[in-house]
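2 protein chains.
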Amino acid sequence: MKVISSGHQDFNAGDLVWGITGWEEYTVIDNPETLFKINHPELPLSYYTGILGMPGLTAYGGFFEVAKPKKGEYVFISSAFGAVGQIVGQLAKITGCYVVGSAGSDEKVNLLKTKFGFDDAFNYKKELDLEATLKRCFPDGIDIYFENVGGAMLDAVLPNMRVAGRIAACGMISQYNLEQPEGVYNTICIVTKRLRMQGFLVFDFYDKYYQIEEQIARYLKEGKVAYTEDVVEGLDAAPAALVKLFTSSSIGKQLVAVARE
Amino acid sequence: MKVISSGHQDFNAGDLVWGITGWEEYTVIDNPETLFKINHPELPLSYYTGILGMPGLTAYGGFFEVAKPKKGEYVFISSAFGAVGQIVGQLAKITGCYVVGSAGSDEKVNLLKTKFGFDDAFNYKKELDLEATLKRCFPDGIDIYFENVGGAMLDAVLPNMRVAGRIAACGMISQYNLEQPEGVYNTICIVTKRLRMQGFLVFDFYDKYYQIEEQIARYLKEGKVAYTEDVVEGLDAAPAALVKLFTSSSIGKQLVAVARE
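Those protein sequences? They're chains Y and Z, same order as listed.
Residues 1103 to 1363, numbered by this note's numbering, are exactly what the first sequence covers, in order.
Residues 1103 to 1363, numbered by this note's numbering, are exactly what the second sequence covers, in order.
The set of hints was computed from the structure by calculation and includes no laboratory data.
All values derive from a computational prediction rather than experimental measurement.
Do not take every clue at face value.
What the hints assert, rightly or not - Examples of chain Z residues toward chain Y, derived with CB under 7 Å:
{"id": "1", "residue": "W1125"}
{"id": "2", "residue": "Y1128"}
{"id": "3", "residue": "V1130"}
{"id": "4", "residue": "K1173"}
{"id": "5", "residue": "G1285"}
{"id": "6", "residue": "V1293"}
{"id": "7", "residue": "R1296"}
{"id": "8", "residue": "V1304"}
To be verified - Computed list of lysine-lysine pairs in DSS-like fashion (alpha-carbon distance at most 30 Å, straight line):
{"id": "9", "chain 1": "Y", "residue 1": "K1104", "chain 2": "Y", "residue 2": "K1172"}
{"id": "10", "chain 1": "Y", "residue 1": "K1139", "chain 2": "Z", "residue 2": "K1139"}
{"id": "11", "chain 1": "Y", "residue 1": "K1295", "chain 2": "Z", "residue 2": "K1217"}
{"id": "12", "chain 1": "Z", "residue 1": "K1139", "chain 2": "Y", "residue 2": "K1173"}
Stated by the list, open to error - Cβ pair distances, simulated, as ranges:
{"id": "13", "chain 1": "Y", "residue 1": "Q1282", "chain 2": "Z", "residue 2": "T1123", "range": "55 to 63 Å"}
{"id": "14", "chain 1": "Z", "residue 1": "K1215", "chain 2": "Y", "residue 2": "A1234", "range": "33 to 41 Å"}
{"id": "15", "chain 1": "Z", "residue 1": "S1351", "chain 2": "Y", "residue 2": "Y1308", "range": "47 to 55 Å"}
{"id": "16", "chain 1": "Y", "residue 1": "V1265", "chain 2": "Z", "residue 2": "E1144", "range": "32 to 40 Å"}
{"id": "17", "chain 1": "Z", "residue 1": "G1243", "chain 2": "Y", "residue 2": "D1242", "range": "36 to 44 Å"}
{"id": "18", "chain 1": "Z", "residue 1": "G1116", "chain 2": "Y", "residue 2": "R1238", "range": "52 to 60 Å"}
We put the CB at the ideal spot given by N, CA and C, even for glycine.
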């Protein structure tokens, strides 16, 4: 977004900024603490809705601040091809972890392993027994589960966690549209394996945004992280694009382009 | 226990010690890092199986190191009359928290409120809707849940947690003897309320034992904490005493006295 007029000392007309706003061509911001300047306009501006914006900050903060990874640890990411998941996986590889992701199509599984550098990936829709699948992928167990899915996936992960493992609970997309949420039966593993499961939201990391923006911009320029977007044009295309989030059919960060310069 | 003979420099014949051993009159210890000296023999030695031993260390470590309480916070303890629960509740009161406990009999509920200083308590067996009961006890929500029960109790707690609340997962006694564990349906609250749920075991705190022993011994001598035991005599009484743990019928820390001086 570009600032047209500002009464705030930190923002001037012409500044490029990002923030969480409505789907509209013009917007009025009255909580400037949720607005950030764009310091790398040489990168695609749309990246500030993704890897350099909210999903990037969520991924970076959730992985480093919540999951607190160590080199050599085993990391599992559900909804790994999602905007957050694909960034987490690449950060985990940069950290020296072994990384496996789940996704909802063979195309995504293939891209995770080729373009995004995951050590392994599987299509959860084709697995009959997720607990056994995870056991096969992680014969020594999981140190970090980056949770985007919830429900049956969480239940399959818990018995596969290692002692002192961490579950960074970013989202539970499988549960959002259910009349009655699914039961999770293996919560006792949290006690027996001394797990830490912790929820977070992106604004937990707002105070570290500019540092994280610098770090991710550097990775992008050095080619250390890849990024994909799935852009549709115009507000008319928005409802169908929203539904794609819940049918696993977006390939990359789902964007709706409302206005272009 | 008294040391009869020792080949370890830290322990001498005649020393009073405690540790996790078998139910026997004599024992051989080959992992001395799990054995602790008794520094307050002026207090009842049986306390070293309870408030000055494993349950005391579990309560102190779980509450201060895992739940990280702040003055004025709202604390809920399930199985609050258990050996660990009654200590946690008193530590929470000393910290300046508002404390409610659940227990399995009216006698225990009454003792929690009178002898142990809980602000409120309820008999979970008489409540038809635990989620509503907790809402009544905590109209502003729960900051810290000290989890001893699991299953349906955990499910009732989750929607009552406050944002950034903590669940110190000490045990899930309701689940230990089930063929199929109960489902927990409200795990999404961990994301939406940014909760931290963390399991732990007593040996996480072994390195702090002597400091904690000093602190609890001081509280006992100052009359700041109360303590109860339910002692049965002889190994023959042990099986029935064990079963009492699962029927909510022990009044205080369940002990089996095998040998007395």
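Review point. What hint numbers does the structure not satisfy?
Key: Numbers 1, 2, 3, 4, 8, 9, 10, 11, 12, 13 and 14 - these are the hints that the structure violates, sorted from lowest upward.
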